[in-house]
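Listed below are the residues making up each chain.
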Amino acid sequence: MIEVKNVSKTFGENKVLDNVSAIFETGKVNLIIGASGQGKSVLAKCIVGLHEVDEGSIFYDELDFCIMSPEDRRKIRTEIGMLFQGSALFDSMTVEQNIIFPLSMFTKMSKGEMLDRANFCLERVNLAGRNKLYPAECSGGMQKRIAIARAIAMNPKYLFCDEPNSGLDPQTSILIDALIKEITYEYNMTTIVITHDMNSVIEIGDHINFIYKGQNWWQGNNKTIVTTDNKEVVDFVYASDFMKQIRSKLA
Amino acid sequence: MLWIVFSKPEKFKIFRKRTFDEIQTIGINSLPIVALMSVFIGGVIALQTASNMDNPILPDYTIGFITRSSTILELSPTIISLILAGKVGSNVASEIGTMRITEQIDALEIMGVNSLTYLVLPKIVAAVIFFPILITFSMTLGIVGGWISLIIADLSTTETYLIGIRYYFKTGDIVYALTKTVVFGFLIVSISSFYGYYSKGGSLDVGRSSTQAVVSSSIAILVANFLLTQMILL
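For the record, the sequence lines run as chains Y and C. All residue numbers for the first sequence refer to this note's numbering, where the first residue is 1 and numbers rise by one. All residue numbers for the second sequence refer to this note's numbering, where the first residue is 1001 and numbers rise by one.
Hints were generated in silico from the structure; no laboratory data involved. Just to be clear, a hint being listed does not mean it is correct.
Unchecked claim - Capping the alpha-carbon separation at 30 Å, the derived lysine-lysine pairs in DSSO-like fashion look like this:
{"hint": "1", "chain 1": "C", "residue 1": "K1087", "chain 2": "C", "residue 2": "K1008"}
{"hint": "2", "chain 1": "Y", "residue 1": "K111", "chain 2": "C", "residue 2": "K1008"}
{"hint": "3", "chain 1": "Y", "residue 1": "K108", "chain 2": "C", "residue 2": "K1087"}
{"hint": "4", "chain 1": "Y", "residue 1": "K157", "chain 2": "Y", "residue 2": "K5"}
{"hint": "5", "chain 1": "C", "residue 1": "K1017", "chain 2": "Y", "residue 2": "K111"}
{"hint": "6", "chain 1": "Y", "residue 1": "K157", "chain 2": "Y", "residue 2": "K75"}
{"hint": "7", "chain 1": "C", "residue 1": "K1200", "chain 2": "Y", "residue 2": "K45"}
{"hint": "8", "chain 1": "Y", "residue 1": "K45", "chain 2": "Y", "residue 2": "K181"}
{"hint": "9", "chain 1": "C", "residue 1": "K1008", "chain 2": "Y", "residue 2": "K157"}
{"hint": "10", "chain 1": "C", "residue 1": "K1013", "chain 2": "Y", "residue 2": "K108"}
{"hint": "11", "chain 1": "Y", "residue 1": "K111", "chain 2": "C", "residue 2": "K1087"}
{"hint": "12", "chain 1": "C", "residue 1": "K1087", "chain 2": "Y", "residue 2": "K75"}
{"hint": "13", "chain 1": "Y", "residue 1": "K75", "chain 2": "C", "residue 2": "K1011"}
{"hint": "14", "chain 1": "Y", "residue 1": "K108", "chain 2": "Y", "residue 2": "K132"}
{"hint": "15", "chain 1": "Y", "residue 1": "K45", "chain 2": "C", "residue 2": "K1008"}
{"hint": "16", "chain 1": "Y", "residue 1": "K111", "chain 2": "C", "residue 2": "K1011"}
{"hint": "17", "chain 1": "Y", "residue 1": "K132", "chain 2": "C", "residue 2": "K1013"}
{"hint": "18", "chain 1": "C", "residue 1": "K1011", "chain 2": "Y", "residue 2": "K157"}
{"hint": "19", "chain 1": "Y", "residue 1": "K75", "chain 2": "C", "residue 2": "K1017"}
{"hint": "20", "chain 1": "C", "residue 1": "K1170", "chain 2": "Y", "residue 2": "K132"}
{"hint": "21", "chain 1": "Y", "residue 1": "K108", "chain 2": "C", "residue 2": "K1017"}
{"hint": "22", "chain 1": "C", "residue 1": "K1008", "chain 2": "Y", "residue 2": "K15"}
{"hint": "23", "chain 1": "Y", "residue 1": "K75", "chain 2": "C", "residue 2": "K1200"}
{"hint": "24", "chain 1": "C", "residue 1": "K1200", "chain 2": "C", "residue 2": "K1011"}
{"hint": "25", "chain 1": "Y", "residue 1": "K213", "chain 2": "C", "residue 2": "K1200"}
{"hint": "26", "chain 1": "Y", "residue 1": "K5", "chain 2": "Y", "residue 2": "K45"}
{"hint": "27", "chain 1": "Y", "residue 1": "K45", "chain 2": "Y", "residue 2": "K75"}
{"hint": "28", "chain 1": "C", "residue 1": "K1008", "chain 2": "Y", "residue 2": "K108"}
{"hint": "29", "chain 1": "Y", "residue 1": "K132", "chain 2": "C", "residue 2": "K1011"}
{"hint": "30", "chain 1": "Y", "residue 1": "K45", "chain 2": "C", "residue 2": "K1011"}
Computed from a prediction, not measured in an experiment: that's the story for all the values here.
Can you build the whole structure from these sequences, using the hints too?
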């Protein structure tokens, strides 16, 4: 479980996060949603320590991440898998080398064991046999799946996905969502997904945090979000005319 | 930044492999340009010296002596380092800068890898080890270039040139030149890594970081050259 308590973050004069508190439960897909520029990516980067918080605390299973030494943070980070918006695969390495990389850095596995693990992870994301390709030779959807394979290589306790569907077609997006959901339940991970893709919200949102003006404005799940009367949430969910028509019909 | 760069690498085996990869990229891949520049610089120095040697008091072997001294003391360590600041500096800054803007450095950090040590330390070690080898190679080729140009232009003989390049030879000059080279190698890679690592924005900004890296490295080389010459030779 990850708990965020009263976190604030300011860049210059701009207060991006304002006293945000949230709980991200284990074994669930926890979503952080909101319009662009509301602070959801900054919140995620604060949680993983890429940004330091100005105020507040972040707990990883009751360990305060904000006051940890850099060494202790590194230990926690070996338990984190992260899927970046642009995949962030190492372009000088093959698919297989990308997946093996964290294993070679932090485990004492033999080369054979690492290869077995890489093959298992690739099979898990339906990319068996693509070991020797370079990221530049793979499509956007494949790159996302390779990034997921790399993220799960170390059997992480925590999985972060930053806009996993950005730039993907609807069908590939559905596949990626399904994969994130499956591995979360399969490995009982604490998964946090940052998205503004409504399809993902409805499909995989076990718990949803709606960030608005730097605050955790609304919390719920994929069922309550379609029925809530919260104006800001309604404006976000039913932004298009098509969705507005659906809402009026539902009403 | 440097304090973190010199932290203990996570795995020595990976650090060693990356250092050899960087020796290939930074050092061995620079051999052709260094060879070409050195031969021509040596050749031009020998020709210019010969063209100004109209005083009968000066012995003929002075051409070889001046070519050797200029090449060893200044041209190879400083001019070749300035050229390497352009080639290696832009390469290092753009490689690390691209990794920064494509979130590859963030990915390393999230995995728990000390990205500065992983990315920058092997480059610094490779430069500090291989730059002196490159410059020794450059000195040799500079002197050979001088000899070839004199023979082709028929301005001196091999015997006279050999007397000149051996005349009043001091081992201290080589030590001075290689000491400078080690410092220049360190400056080029660390300054370029700094600009790359702290790149922000998109591809245009990476280009800007590369340019700044080359300019700053070149200025640092010139200043360090002045200070080291005062410290060591005077």
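In rising order, the numbers of the hints this structure does not comply with:
3, 11, 12, 20, 22
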